[in-house]
Amino acid sequence: MAPQQSALTRPAQGLPSRRKTRFTRKMLVPWLFVLPILLLHMLIAVGPSLAAVYYSLTKWSGIGPAEFIGLENFRRMLFDDTDFKRAFLHNLIWLGLFLTIPILLSLAAASLLAPIKRGGMLFRAALFIPYIVPSVVTASIWRNLLHPTLGVGAQLAKVGIPGFDVAYLGQSGTALYAAAFVDNWHWWGFLMVLFLAAMQNIPPDLYEAARIDGATRWQEFRHITIPGIRPTLTFMILMTAIWSFLVFDYVWILTQGGPAGGSEVMGTLVYKNAFNRFDAGYASALGLTMSCFAGIMIAIFAVLRRRGWEI
Amino acid sequence: MIRPFKKQRQLSLTPNYIVLIILVGFALGPLVVLAFNSLKSSAEAGRNPLGIPSTFIWSNYPTAWERGGFALTTRNSSIFVVGTVLGVLLLGGMAAYSLARLKLPGANLVMGYFLIASTLPVWLFLVPLFILWRNLGLYNTIHGLIIIYIALNSPFAIFLLRSYMVNLPADFEDAARVDGANEWQVFSRIVIPLSWPGFLTVGLVVALSVWNEFLLATVFLSDQKLLPVATSYYQFTTRFSRDWGLTSAAAVMMIAPILVIFLALQRRFIEGLTQGGVRG
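The listed protein sequences correspond, in order, to chains G and Y.
Mapped onto the working numbering, the consecutive letters of the first sequence carry residue numbers 1 to 311.
Mapped onto the working numbering, the consecutive letters of the second sequence carry residue numbers 1 to 280.
Do not take every clue at face value.
Straight-line alpha carbon distances no greater than 27 angstroms define the calculated DSSO-like cross-link-like pairs of lysine-lysine that follow [said to hold, decoys possible]:
#, chain 1, residue 1, chain 2, residue 2
1, G, 85, G, 59
2, Y, 103, G, 26
3, G, 272, Y, 225
To spell it out: a stretch of chain G is covered by chain Y in this simulated footprint if at least three of its residues, at any positions, have a beta carbon under 8 angstroms from a beta carbon of chain Y; those stretches are [unchecked claim]:
#, segment
4, 76 to 82
5, 126 to 133
No lab work stands behind these hints: they were computed from the structure.
A quick note: this is a predicted structure, and the numbers were derived from the prediction, not measured.
Glycine is no exception: its CB is placed at the ideal position from the N, C-alpha and C atoms.
Chain G on its own, in the form it takes in the complex (with noise of 0.2 angstroms):
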């Protein structure tokens, strides 16, 4: 404060410059460290996403002017592509794959392993080395594996155990399914990690206690564990109910969207429709309503928080 008060009882011409330095130092210099990112982050998320919302309302092949259409777009992808609600609904689909199999896989293992002193780094470890392994790579693995006449189910048709060797990502049927098990191969170690990481949080005692009490594994799981790591189990749910809405990379890679749509989701559509299709103005409202599914995740959360759902 000292030498504010002395500023400001300079004489007039001293004032000036005592000011801008001041202004330098506890305003500009601030601003100048993180003005470089912020722009760059303004011109790459926030400038073409409000240019999407424009875009949405053309009709526009991505050269050249835009034609204004109005709702135009957002009455096709409502009411005449079938496509659209086939992958929406493969999206749903997607979400409640991923809000089950994967947390209640990671849940079990996390609590299996929380307990465990020796080699319980190691068992980490190498449960999350999928999760580092490039997309292009597991989706290689996986298809060479689930390949109808080579891969896994061959082998057990081989031994004598039949009905496995089918073409789970070669038929309309099963491709959607095919790719969520390889996606969720590569994701369920990072939750579990996430998940192992805050039961180790968890106080001892309380576990102490209630074996005290007489509580079975499963009641010190309900009521202790859950309870413990609600915090983290509730962010991996709504990260997941949002990630859901945007998968593309396994789902693209292995199958493109095929056989005949039967794994086509949102991501897959929007790409096919700007790049491929060169529909830049019907692939901006699809991304418009991808993103808003997501954002309706979000608000879905804050209102049940807001409720007072301890979540």
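Following the hints, position chain Y against chain G.
For chain Y alone, coordinates are given in the frame of chain G:
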């Protein structure tokens, strides 16, 4: 009294170990099969697609390296990784420093911006960004993609680095300022060396995400000569889809560097990835 108690405890953990070993088999089994297949001829991969190779064809590796153009794509990927990591650490580090130490007026607004803007899904702005990049002449250039990577990886870097810097003791900075150092010197000579674990963690996470990135590289690059390993490998597998020996050898070469770094710096890696909450 102690012995039976101890025994009982160990016994009760046996089912845990059994289930966990099965799960490790599920996680690592496919990678083991990949390593096996990388040493098979294509004929043997057809006869024996899952087991140990009968003869080890080490030449798959140089052949895959050659035919997949890995010399070029590895170089490209390295440029993407190094460029992005340096950019994120510099620009994100500067922003984090300002937010944590310089009492930036409007710091809450800036933090709020990055919190909200980092949730904007790439699908929302992908198409207009593609058009913008084409108009700016940044489409199909290495620096054009690096700029996008820097911007999209920065929010996470800022949050993590800021939380590191907030906890630094102010004494060194103050001493440097008394000695006449300006803010840039304080940042580069004092703050970066003191918060290097944060910078290392962010660098690892960003490097991994760029090395593995697929969608943006597919959209923003078309020239074969510029492709990074991930998208180039994707094309390689479609061209040589029948030759499992070659595609597997290429895959092993692609994940080997990541695995080595991960195993060496496991704790830091896991810490960074779990704090980033990045979806790979």
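Check your understanding: Against the structure shown, which of the earlier numbered hints fail to hold, in ascending order?
Key -> 4
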